[in-house]
Amino acid sequence: MANRQKKILLMFLNLISLPGIISILLLSEPVAAIPGRMTTVAQQPATSEAAETAYAEAEKLFQQGTSASLKEAITKFEEAAKLYHQMRETRSESAAIGYIGYIYSLLGEKPKALEFHHQALLLRKKVGDKRGEAITLNHIGSIYDDLGEKQKALEFYNQALPLRRQIGDKRGEATTLNNIALLYDSLGEKQQAVLLYNQVLPLRRAERDKRGEAITLNNIGSVYDELGEKQKALDFYNQALPICRLLGDKDREATTLNNIGSVYNFLKENQKALTFYNQALPLKKLVGDRSGEANILNNIASVYDSLKEKQKALTLYNQALTLYQDVGDRGGEANTLRNLAYLQRNQGNLNEALIQIQSAIKIIENLRTKITSETLRTSYFSSVQSYYKLYIDLLMQLHKQQPSKGYDALALHANESARARSLLELITEANADIRQGVDSTLLQAERNIQKQLDNNEKLRIQLLNSKSTPEQIQALETETATLLKQSQDIKTQIRIKSPRYAALTQPQPLTLPQIQQQVLGENTLLLEYSLGEEKSYLWAVSKTEITSYELPKNADIVSLVKKFRNEIIKPQSGRKIVARAAVPLTQILLNPVAEKLANKRLVIVGDGALQYLPFAALISPNSDPEQYKFLIVNHEIITLPSASTVAILRTEQKGRKTPSKGLALLADPVFDIDDERFISQKTPIKRNTDNLEYLALKRAVSDTDIRFARLRFTRKEAEKILNLIPKYQSLQAYDFAANRQFATSSQLSQYRIIHFATHGIVNSKQPELSGLVLSLFDQQGKPENGFLRLHDIFNLKLSADLVVLSACQTGLGKEIAGEGLIGLTRGFMYAGSSRVVMSLWNVSDQGTSVLMGKFYQKMLQGGLKPATALREAQIEMLNDKRFSKPDYWAAFTIQGDW
66 MANRQKKILL
76 MFLNLISLPG
86 IISILLLSEP
96 VAAIPGRMTT
106 VAQQPATSEA
116 AETAYAEAEK
126 LFQQGTSASL
136 KEAITKFEEA
146 AKLYHQMRET
156 RSESAAIGYI
166 GYIYSLLGEK
176 PKALEFHHQA
186 LLLRKKVGDK
196 RGEAITLNHI
206 GSIYDDLGEK
216 QKALEFYNQA
226 LPLRRQIGDK
236 RGEATTLNNI
246 ALLYDSLGEK
256 QQAVLLYNQV
266 LPLRRAERDK
276 RGEAITLNNI
286 GSVYDELGEK
296 QKALDFYNQA
306 LPICRLLGDK
316 DREATTLNNI
326 GSVYNFLKEN
336 QKALTFYNQA
346 LPLKKLVGDR
356 SGEANILNNI
366 ASVYDSLKEK
376 QKALTLYNQA
386 LTLYQDVGDR
396 GGEANTLRNL
406 AYLQRNQGNL
416 NEALIQIQSA
426 IKIIENLRTK
436 ITSETLRTSY
446 FSSVQSYYKL
456 YIDLLMQLHK
466 QQPSKGYDAL
476 ALHANESARA
486 RSLLELITEA
496 NADIRQGVDS
506 TLLQAERNIQ
516 KQLDNNEKLR
526 IQLLNSKSTP
536 EQIQALETET
546 ATLLKQSQDI
556 KTQIRIKSPR
566 YAALTQPQPL
576 TLPQIQQQVL
586 GENTLLLEYS
596 LGEEKSYLWA
606 VSKTEITSYE
616 LPKNADIVSL
626 VKKFRNEIIK
636 PQSGRKIVAR
646 AAVPLTQILL
656 NPVAEKLANK
666 RLVIVGDGAL
676 QYLPFAALIS
686 PNSDPEQYKF
696 LIVNHEIITL
706 PSASTVAILR
716 TEQKGRKTPS
726 KGLALLADPV
736 FDIDDERFIS
746 QKTPIKRNTD
756 NLEYLALKRA
766 VSDTDIRFAR
776 LRFTRKEAEK
786 ILNLIPKYQS
796 LQAYDFAANR
806 QFATSSQLSQ
816 YRIIHFATHG
826 IVNSKQPELS
836 GLVLSLFDQQ
846 GKPENGFLRL
856 HDIFNLKLSA
866 DLVVLSACQT
876 GLGKEIAGEG
886 LIGLTRGFMY
896 AGSSRVVMSL
906 WNVSDQGTSV
916 LMGKFYQKML
926 QGGLKPATAL
936 REAQIEMLND
946 KRFSKPDYWA
956 AFTIQGDW
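With this note's numbering applied, the sequence shown closes on residue 963, and no number is skipped along the way.
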């Protein structure tokens, strides 16, 4: 809850030494305007004196900092602005107008504030006032930030920052960097926020900006607070508090007191929390910060809620809600509505709670659509998943009370609304070719940054494999993070400026009737899961009915999934041991729907840890574990990020031309300069120990526990597959030719199936750096870029029915709440594939070769669809004593349209 208080801090840097309670960015601009006004005094004494008098009186009123004095200050600043306009003193006029805008913002009248700031911006541009222009841009960004329009806020901050740097305004630079950091923080990008705050703090200390230092200490503390590191948070808050008091800064003192109260609130030290909140509240009222006041009221209400004083809590929540609505703080409004919904639910008032959470989610959905950056939109959506979880829980409780009212269907729709929204939009966007019609310089800038990222990764691995210092590595990682952010910003600009993106209609999650009509066939059963802190839920949906079930809480299920996966990958764990280990998960996840399974195709929409779970290796419900009858024996199994994903994939496939050729295959790349395939060269190959790409891949592989060696069986795998299809229908690349140039070739768009048999590298911290490992050398031993990264995959243009990633852990990625695993599968779907076969753990080279041979034989010769072919191949492996252990066959799963 502490983060709500930070918003007002965005405005408070670039200060002058005035005794007022509130210090703001604009104060530096009127000071800069004083020389111009004084010159005018000598030329036009009467008019100038009146203007200066009005301006000075307005400043005094402003410094009093009360709501009444601020309103009086507006009148005086308007008087001064009018006089300056008559005198054609544009710089001073802009200062007065800027003040008016800022005061309206403080009073919560955001539209009026924007109106005056835009007037000030035009005037400052007119007179070439770069400093004032940067200040005003920063203010406008802050207002949009408060209004929840994060993308617009970021655009204005990014205009202000280069102006600050251009004129050498270090304080202003720190202010804008702080604001950007705070924005990322509010969207859930905590690491990016800390990275920026750590740039801000030394800037402010170098400038001896004590107020700014207090702000940044508070903000860093808040990040640690939200990350659960409460003692660290308190340390930073307690550094900030004496600075605020020394400066007599009541507003920042109130913010810090509130943040300390929030830590004690979390620690269940209710009386301590109330003490700090009650010190903060009158200070916020004094300075007229209504948004800050609302936040503290919200926090006090939460304490009374936990103390079971529900009526007090309800009264305070409603006071906070009114204030948030008055000042236009949509994020604060949504947060308070959610808190009210929790309170009403816990009192048994389910219908009232439902109304509150529906209103909150309406706000969330509206704010989300205003974020153009796909990365930030995903982060923001991840940060608000608790809203949807509460909504689902309320609907399912109402369903239990009134089973015939359709609340379970609404809960299913809510779960679809909470899942894979960015993926749905990305697939729609990819097929719109949003880069068409965009300025070529922007597209070239995007390509340049990707090259820089490649070079940085090479240098990073060089440092890791040399006698480098931690500071050198940290500096490079900081630069890489900055480049990744720049890449995201450019992609956002492409979306903003793309005519095709502007014309897109955002896809909507499917309702129950739409899922039944557009997704499910007669012999298909959808099993969709939602894991919650208190309870989890399962919906079983067929073509004609829906049933729902309550399951144990998330923590219990996560523990079982980890144990089961660990058991599967143990070398000594045979099929019987794995089957026994599967019993607890089968009882929870499948036994409730045992009677509905029959021999149907199972479409699994997992949540959280269930995305890592090989359902194929669970045992059939109610079966004897000693018979180890695995689920795959009777069921074709598909995994999906959401049911709505299938519908959008099918829609996008309808207008697509079917590729004319059958199969493109890449296998057995050359990874090592010592590879025996160099021996046949007439001229000995020089061993280049400075091959950075080799070092990069070697390091990346060791970091992910993948054995960095030639995958000999991939060649046998490829030869088996190619024997099943006419030569004129296939395209293959082995050895040195299995390279990046082949993988990014436009000719791949002509093939229905694309097969990669190589190493896969997954970077869970920075998914953009994940990829496939291809040949690292040409035939002359010259090193070459052999990493097909996720951003390369996103830029492919495919029309494939199927992409097969016959590599290790290709189905994994960074888990983001609401989006699932952001990995290579998502990249290939974006690139144009309807379905992807991938693995969930490091797989055996030989076992994979055998499995893939069987899979393609059944698909190409037997005429089976991919999902059916994969299942039959897995069953054959299960029945083969050499490969019956589930770790050989259960890792592979198919995701997408079956």
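None of these hints come from the bench; they were simulated from the model.
Just to be clear, a hint being listed does not mean it is correct.
Stated by the list, open to error - BS3-like, lysine-lysine: derived pairs with alpha carbons at most 25 angstroms apart:
| hint | residue 1 | residue 2 |
| --- | --- | --- |
| 1 | K608 | K661 |
| 2 | K191 | K177 |
| 3 | K661 | K635 |
| 4 | K781 | K930 |
| 5 | K726 | K930 |
Stated by the list, open to error - Ranges between beta-carbon positions, derived for each pair:
| hint | residue 1 | residue 2 | range |
| --- | --- | --- | --- |
| 6 | K628 | Q256 | 27 to 35 angstroms |
| 7 | K295 | Q573 | 35 to 43 angstroms |
| 8 | Q926 | S725 | 16 to 24 angstroms |
Note that CB positions come from ideal geometry on N, CA and C, so glycine has one too.
Q. Hint by hint, which ones does the structure fall short of?
A. 3
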